[in-house]
Amino acid sequence: MKGWDILYYLVNGLPIGAIYALVALGYSLIYASAGVLNWSQGDMVMLGAFIGYNLHCLLGLNFILALLITTPAVACIGMLVERIVLRSLRKRSSPPVNVVIGTLGVAIICRNLALAIWGPDAQLFRSPVGSVPVEIGTLRLFPQDIFILILGIALMILLQYFLKYTREGKALRAVAQDRMAASLMGIDVGKSDTLAFAASAAMGAVAGILIAPLFFVTFNMGAGIGLKGFVAAVVGGLGNIPGAIGGGFFLGLIESFASGKISSGYRDAIAFTVLILILWLKPAGLFSKITKETV
Amino acid sequence: MDHGEQPILELRNISKRFGGLKALEEINISIETGTVHGIIGPNGAGKSTLFNVITGLLRPNSGEILLKGNPLSHIPPHRRIPLGLARTFQNIRLFKNMTVEDNVLVGQHVHTPTLILSIICGTRPAIEWENKAKESANTCLRRVGLESMKSQFARNLSYGEQKLVEFARALATEPELILLDEPAAGMNAEEKAGLLKIISKLRDDRYTVVLIEHDMRLVMEICDQITVLNHGKKIAEGEPQIVRNHPDVITAYLGKGSNAYAGTR
Amino acid sequence: MERYKSSIPTCLYKLGFIAVILCVPYIIRNLYYLHLINLIGIYCLVVIGLNILTGYTGQISMGQAGFFAVGAYTSALLMMKLGLSFWVATLIAAVVAAVLGIIIAIPALRLTGPYLVMATVGFGEIIRLILVNWVPVTRGAAGLTAIPAPSLFGFRIISEKSFFYLIYIVVALGILIAVRISNSKIGRTFIAIREDELAAKSMGVPTNTYKVSAFAISAIYAGIAGSMFGCFSGVASPDAFTFNDSVGFLCMSIIGGSRSIYGAFIGSVTLTFVSELLRFMQLYRLIIYGAILLLTAILMPQGLSGMGPVFRKFSHRWKGKRRLHGNIQHSQRKER
Amino acid sequence: MDRVRKLFLLLFSLVIGIALISVPYSGSAANKVLKIGSVAPETGDSADLGQAQRRGIQMACDEINEQGWAGDWKLEPHFEDDEGNPTKAASVTNKLIQETKVPVIIGAINSSCTLAAMVHTERAGIPQITSGSTGASITAQGNKWIFRTAVNDSHQAIALIDYAINRLNLKKVSTFTAADDYGQSGAVLLKAAADKAGLEVVVEATYNTGDKDFKPQLLLMKERGTEAIFMWGIYVEPALIGNQARLLGMDCQLFAASGSASHKLIELGGEALQGMILTQSFLPESDIPRVKSFIDNYNKRFGEDPIPHAAQPYDSVYIIADAVRRIDTTDPVKLRDAIANTSGLELVTGSPRFAANGDDVGKRVLITEIRGDAFRLVEIAAVELSD
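Chains as they are written, first to last, in our numbering: chain A, 1 to 295; chain B, 1 to 265; chain C, 1 to 336; chain D, 1 to 387.
Since the hints were derived computationally from the structure, they do not count as laboratory data.
Among the hints, a few may not be true.
Said to hold, decoys possible - Quick look at which bits of chain C chain A covers, simulated, 3 or more residues with Cβ under 8 Å:
#1 119-125
#2 128-134
As the list claims (entries may be wrong) - Covered stretches of chain C, as calculated for chain A (at least 3 residues, CB under 8 Å):
#3 97-111
#4 137-143
#5 175-189
Since this is a predicted model, take the numbers as computed values, not measurements.
C-beta atoms are modelled at their ideal positions from N, C-alpha and C, and glycine is treated no differently.
Using the sequences and the hints, build the whole thing.
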């Protein structure tokens, strides 16, 4: 029984880790390219879940079609957020903490708009791949978990491809390195910010649709997942794309082990304690090098 | 050395490597009290690295630094200031959103006790120390001629003026040895003349100045001793005239086959 | 932080202001508004500490509700279990909060920006989860009830009016001490650390000690405010010290203007009143609140208290125009 | 950009201006008006419960005003949102008492908010009826202004444990309770009832509201040979737990209390919760005419079945209306006494009768089972009401 449940907690932690990774990618992508923290990322997940729910469950569109419509829709919302919040803040060259408060205002607006539109109740999102578990030995793998892992990892690879090989992707990474130099090279810095916000909002939407069948759709699901995504991004090394993926899975596994082995009441407390210790050892996150500042 | 006194700062075979790159190799320099010592060399010669090692921001791989005879190796940067070591930065690092006077007052930090209780109760000792600090800050500003700009914000000053504020702030720590990292960079001719006057005035007041500078005319005019670094190695040291005509120095600066110019004025 | 000389002799100005403050409870009879004003006083105390930490030293913290909770629970438990008086309990609560502030500050020394934010978020959540799960001591989620009222020379402080005086005397002291500190060498050093920590270190400033003491000061302010909050509301439960409350405190600090002590008061007044006065909008209240938060963050980079220079700029421009106008007429008259 | 800043300042002061003007207006001066204050979390985490309370109260007031059930008193509800935060609950309670000058408050669902509001209703001498908070400390402080029409948790715990032993003779059970005030008081009551009845509790697990993954704890229970899981929390998490338990191949018996009794539980839980036993105070399909008409009206008006958090405030309004009808005044002190000796009222959740400490001991405790897409009555718990 002993070795077996370690494997079990591992398998149980991975799908949640994938969700956290997708949300963390949103934070890291925006922090890398625009150098700011987008606190409304969690609510993009919620919007993705709700719009997906409307299309798939209420209007009866098939799942893939719903996914293909929801993602660009939420991406546009992400662009709108960038346009309103970031553009005017850049114009006033205000401190980065104002962006946090600004996007926080956006988060509160989205949350309560969703409450006004879809009401306070939790909605059920039928899982597109059924729920008959696949049994390997005594281990049970659930189709929705597998689906999350596959689609999540596919999206991560897609993002890596986009950043490495497409023109806009390279522009995004250039802006991340040095905004001034990038704009001197003729890269439209504003457009790449918008692209970053749109891409991260889209990933949030996919995370929302993936998680909806597991954990229902409520208007305030964004807060919890947003915070977990932020924690995962920071632990992985903010702005470091592979770091965000690593941080997400790492957080998922800690939570799964902590609630199984120690006590579920203190699960988040344990997760945070571990993460603060990690930051103490590696102040720039798990997967980033520490840059010593000389003069 | 002619003074016979103990040198204020001695660097004994200091070397520093960043991975494969040898930034400094077996550097031996000793600087006399009350002199202006120039350090010159082409870009990437290791001048700024040398400053970072002296101020403790970088730890040398080998060798020893002696300030007035006692080693500095294990003393953190901020504890070297009370020992009389002050520096300015190559690219300006002023406190932009503070007034010029406050900037210089921060220099006074080590010389005024932090009397928390007296500050909270607003009693006399704190006020006295504050006035004393303001006085010495003003003298430093007067020295660099910026007293009129006292309540201006640092960000509103011109580049040359900001350099002088940083100079004043370094002076405010009441150092014996001042390390100036390219003070004249970005200054116009008139400001450079002013800088020359300030440094020579400092020499008269028995301060020791170590100067990194690219403006050869300024260096040749003000420095008593000059050390030339190239690719982390010391290639020449001595009086300005000797160093100017030193063949290695010319090759380092002007490249091979330029000895024809040696000896011309 | 600008020091602009006001023309009226400052002592007259201050005395008048204090007189107004002292008779507020008699002007505002309605206990609802008095309750709000007391609440604002408590929040203002927390935000002053946060301003010293965020505005002056540049260390953004999203875990202030953790210290606020430590203050409330420590003093409430001390009063209920050991029968200590309010003042002794508050003192101990402030010390406990300061110790916790130092404990969280030490790992935070190596962290900046978002990494520091995450460490403080973690701290806040850990405290709240301990309060929820440590049932034998903190009585779990329902929290502590019947927290005894403070008493001063035998006079029990129960009514909103008496609480008003208790709270605003402590707030006045808090502001006085904060202003003294911020105008002194300590405040100047905090700002130096915010502006350029490396340069400050090169000037001989022991930056680590100052950053830790900034955390300790903000923790003490939040601890004392927490202890008063416990007695003021009579109950203390983990629901009142959530991550949302920490975010609320940060919003008050930033919207009010984190770079000045008075910004704390402006921030706590604005946000507390706005969220109460919008109640007539029922369901859409929080949407408007979010919008106001967004617009204020965008349009006022230095927060509402940062409007000082803007007003002066307007007034200068207005005066300037008049003076300029005057000169033109003067010179035209001369030419004619 | 400065034009926009001036515009914003103008808008900002306009909003504040309207608010200031509209506040005093709310006190209408008609003669026989009974203002009822309602404090509930209409936003925040338990927004669904808060809005159910709002619907229940609104419907009750409209019915009473139409049928003139309370003589010529016109009922006027005033709703305030406490966002599930005790500090906000204290502020809005003060607003209702001082501003809108209500003589009675139906208030708060989270125990922490009710406790915060009680401090101010006791100080102002206003009766307060809570229809959602089940924390034991609420009626244990000797506060004579608080009444509770929420179903009594200890009766439910005793009924559930008794059913598990005598009807299903189970030996090993586990408790899985929320780490909020409702869940923690449930955990204590279940453990006490189980120990008294000699039932072994193998695992006492907890979860935080908003948790999404319960498989680790469920696995621990499965290892220890759990035959039944007693759940205590709002319906979202128990639905998830039931789902994930069935996915883990655990076919143990599921129990829950009135907090999870809602058609949403069935809708979200799906076939995983078939056969789940719940105690609750009223049944949508019950044949009692009073209950039937309430459910039909609610369904007609809001398009869904009512949850307990709508039914209990509905009854509280009737209790208040009945009291005012009897004493024909809204003086808080008289109103308190009138509410205290309410009797002989046949309402949706039973016939309310208040004990000295304010608990409603007239509540029915029904044991129901999920069969198909609704709750089916199994039996009425024969729990004699000791306290």
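- Item | Hints the structure fails to honour | 4 and 5
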